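K.L.:
Okay, here's what each chain looks like letter by letter:
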Amino acid sequence: MIYKEAIELRYRKVQQLLEWKRYKEAISEAHELIREEPEDAQAFALLGLIHTHAEDYPQALHWSAEALKREPENELAWFVRVNAYYDSSNYKLTAEALQEAQRIDPYQPHYYFIAANLSLKKGNFPEAKEHVEGALELSPENPLYIAMLSYVEALLGRNETSRALARSSLRLEVESQMNYLMLAWAADRRGDHEDHLQMLKHAIHLDPDDKQIREEYIAGLQKSYRLYRILLAPFKLLKRMKPWQILVTWMVAWLLFRPLVIVFLVLYILIHWSTKLLVHVKLFGWSFKKR
Amino acid sequence: MSDQDDRDELAGRRRNKLKVIHFDKNGKDLIESEKPHESFEDVAGLEEVKKKIRMNFILPLKQPELFAAYGREAGGSLLLYGPPGCGKTFLARAVAGEIEANFLHIELQAILGMYVGQSENNLHDLFEKARESKPCVIFIDELDALGGSRNQMRQHHDRMLVNQLLLELDGLRTFNDQVFVIGATNTPWYLDSALRRPGRFNHLIFVPPPEEAEREAILKLKLAGKPLSSLELSKIARETKHFSGADLEQIVKDAVEAAMERMLQSGELEPITQDDMKKSAKGRKATTLDWFATAKNYATFSDVNGDYQNVLDYMKATGLK
Numbered sequence: 001m002i003y004k005e006a007i008e009l010r011y012r013k014v015q016q017l018l019e020w021k022r023y024k025e026a027i028s029e030a031h032e033l034i035r036e037e038p039e040d041a042q043a044f045a046l047l048g049l050i051h052t053h054a055e056d057y058p059q060a061l062h063w064s065a066e067a068l069k070r071e072p073e074n075e076l077a078w079f080v081r082v083n084a085y086y087d088s089s090n091y092k093l094t095a096e097a098l099q100e101a102q103r104i105d106p107y108q109p110h111y112y113f114i115a116a117n118l119s120l121k122k123g124n125f126p127e128a129k130e131h132v133e134g135a136l137e138l139s140p141e142n143p144l145y146i147a148m149l150s151y152v153e154a155l156l157g158r159n160e161t162s163r164a165l166a167r168s169s170l171r172l173e174v175e176s177q178m179n180y181l182m183l184a185w186a187a188d189r190r191g192d193h194e195d196h197l198q199m200l201k202h203a204i205h206l207d208p209d210d211k212q213i214r215e216e217y218i219a220g221l222q223k224s225y226r227l228y229r230i231l232l233a234p235f236k237l238l239k240r241m242k243p244w245q246i247l248v249t250w251m252v253a254w255l256l257f258r259p260l261v262i263v264f265l266v267l268y269i270l271i272h273w274s275t276k277l278l279v280h281v282k283l284f285g286w287s288f289k290k291r
Numbered sequence: 001m002s003d004q005d006d007r008d009e010l011a012g013r014r015r016n017k018l019k020v021i022h023f024d025k026n027g028k029d030l031i032e033s034e035k036p037h038e039s040f041e042d043v044a045g046l047e048e049v050k051k052k053i054r055m056n057f058i059l060p061l062k063q064p065e066l067f068a069a070y071g072r073e074a075g076g077s078l079l080l081y082g083p084p085g086c087g088k089t090f091l092a093r094a095v096a097g098e099i100e101a102n103f104l105h106i107e108l109q110a111i112l113g114m115y116v117g118q119s120e121n122n123l124h125d126l127f128e129k130a131r132e133s134k135p136c137v138i139f140i141d142e143l144d145a146l147g148g149s150r151n152q153m154r155q156h157h158d159r160m161l162v163n164q165l166l167l168e169l170d171g172l173r174t175f176n177d178q179v180f181v182i183g184a185t186n187t188p189w190y191l192d193s194a195l196r197r198p199g200r201f202n203h204l205i206f207v208p209p210p211e212e213a214e215r216e217a218i219l220k221l222k223l224a225g226k227p228l229s230s231l232e233l234s235k236i237a238r239e240t241k242h243f244s245g246a247d248l249e250q251i252v253k254d255a256v257e258a259a260m261e262r263m264l265q266s267g268e269l270e271p272i273t274q275d276d277m278k279k280s281a282k283g284r285k286a287t288t289l290d291w292f293a294t295a296k297n298y299a300t301f302s303d304v305n306g307d308y309q310n311v312l313d314y315m316k317a318t319g320l321k
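Residue numbers (the UniProt record's numbering), protein chains in the order written: chain C, 1 to 291; chain D, 1 to 321.
Warning: the hint list may mix true and false statements.
[Unchecked claim] Just the calculated beta-carbon pair ranges, DEER-fashion:
1. C:ASP209 / D:HIS37: 20 to 26 Å
2. C:LEU9 / D:HIS37: 32 to 38 Å
3. C:VAL281 / D:ASP275: 42 to 48 Å
4. C:SER89 / D:GLY171: 50 to 56 Å
[Unchecked claim] Computed far set for chain C versus chain D, every beta-carbon distance over 10 Å:
5. ALA65
6. LEU238
7. PHE284
I should point out that these hints are in silico values taken from the structure, not numbers from a laboratory. Here the structure is a predicted model, which is why all the values come from computation and not from measurement. Don't be surprised by glycine CBs; every beta carbon is placed ideally from N, CA and C.
Whenever a hint applies, use it, and build me the whole structure from the sequences.
P.N.:
Laid out in structure tokens, this is it:
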């Protein structure tokens with residue numbers, strides 16, 4: 001009985017350290033747990049989970065595989081594998097792992113969220129919407145899923161629905177950087193520039209150490225210059241086209257309006273770099289060391 | 001001198017060496033308080049930091065009338081922050097030594113214990129014990145673990161513990177004038193903003209990595225008593241810019257290992273050479289650099305009150321990217 005309590009206590013310690021983002025200490029506690037319970041698949045999966053949070057994906061995959069050796073249908077181990085593959089941008093293996101994970105744990109809404117992200121990467125917005133709605137069926141009050149639906153609706157051109165969903169998401173959560181980032185993308189897509197920058201400001205305030213948030217914030221500041229936004233407009237249009245359409249458009253433009261295209265490109269380069277410089281000075285001052 | 005005086009002096013000397021040792025309510029964890037002998041004289045370098053602590057913390061306690069004339073009150077608590085391994089704990093002990101107070105050190109494992117199965121009563125007991133053994137400095141290492149942002153906490157219990165800490169800190173102001181709290185953290189940005197209000201941790205002190213002369217002194221200290229050939233430690237100190245005290249200790253350990261390896265091969269006592277030290281220093285990277293990279297992001301993008309401006313100033317002055 002006392003031994004069982006001690007194990008439970010150690011599990012709680014690991015969870016607590018994980019919540020504090022003290023990955024080094026959490027890893028060493030999890031190793032202790034494995035030492036005490038060498039056949040406990042959950043302990044191995046937990047260690048994998050910590051490594052996922054610490055962004056050490058090969059280790060996460062290694063320990064989740066160890067967990068699956070002991071218990072092939074361990075839910076946490078599959079959860080770790082799906083996230084480790086996704087976060088390391090291995091989308092083919094994510095899809096494979098996701099299939100198995102969803103078979104074992106069909107009521108995990110996060111899997112629908114990952115599936116929606118995979119659909120977005122393929123540019124299949126209606127499919128992404130289906131997945132995110134699946135996530136919301138299981139977890140209707142999840143602000144991140146609502147934010148994602150707001151983004152998907154913006155991608156599908158339904159701006160008013162997207163705005164309403166963004167408001168719902170913010171009513172539920174105002175302290176999540178991921179939420180703000182998702183809402184920033186939605187606002188950007190809708191062309192709500194003030195909202196876009198505001199969402200990024202909140203995101204960076206909560207987690208300035210996240211590289212993606214930093215880069216998007218800097219890009220957002222650059223977009224706050226109207227002239228730069230005007231010059232970006234044709235690129236936005238190109239983004240919606242298929243590759244062959246882009247090629248044809250460029251060729252036609254080059255043949256018919258060659259001087260205009262050259263002027264546009266020169267102007268774009270000039271404005272791009274001058275706004276980049278302005279943003280840099282605004283944030284970092286006149287310091288130009290490599291970051 | 002009378003017999004009574006002799007006994008008093010003896011008792012005084014003994015008192016200075018006394019440690020207040022007791023067990024917590026459950027009799028499980030040993031909480032130890034002691035009277036540190038370290039003072040600011042033992043802290044090499046960090047002159048600016050010491051000056052700031054003297055001005056804001058020690059002198060108002062020693063000469064409250066003088067500071068009251070300028071409208072300054074004694075009290076509040078100190079929060080030391082900076083990269084890991086740069087002497088925050090030692091500095092806290094030195095502050096306790098300067099004001100001749102008992103020293104009660106709360107570490108991460110004790111805090112973790114409070115989270116995973118014990119209650120906020122333990123925190124209260126700890127502060128009560130400090131009040132009993134006053135003057136007393138409570139040093140909370142890894143304060144972010146105890147006073148992390150309540151918004152980020154999922155469990156109600158965790159939030160209760162932060163509330164309890166706030167309550168105790170406010171209690172210090174109202175009920176107790178001889179208990180001081182020093183917190184240390186590597187991640188001040190994770191702290192609950194309520195902890196930073198006046199009367200709580202209102203003196204925020206940045207503890208930077210040791211400077212060249214300090215690095216040389218640390219190396220000398222860590223090498224003391226070991227077999228050495230003639231060493232130019234100033235050269236090693238110059239090459240270990242931004243290294244923390246803990247990093248320097250690691251360099252010495254690596255050099256000792258290299259010398260021991262030679263000893264095992266030759267069978268004779270092999271001294272630590274300049275080459276051992278140089279190779280060890282080259283084989284290591286300053287662990288403070290990662291901390292500065294993170295701190296810079298918080299200072300640039302998330303520093304509403306300008307709390308971390310001195311980190312940026314330090315980075316600029318020392319040529320850190």
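K.L.:
Hint by hint, note whether the structure agrees.
P.N.:
To see whether the hints hold, each was checked on the structure:
1. C:ASP209 / D:HIS37: 20 to 26 Å: 39 Å, violated
2. C:LEU9 / D:HIS37: 32 to 38 Å: Given a distance of about 37 Å, which is inside 32 to 38 Å, the answer is holds.
3. C:VAL281 / D:ASP275: 42 to 48 Å: 46 Å, holds
4. C:SER89 / D:GLY171: 50 to 56 Å: Check passed, 51 Å falls within 50 to 56 Å.
5. ALA65: The assertion about ALA65 of chain C holds, with a minimum of 29 Å to chain D.
6. LEU238: 31 Å, holds
7. PHE284: Check fails; 7 Å does not lie beyond 10 Å.
The structure fails hints 1, 7 (numbered hints given earlier, in ascending order).
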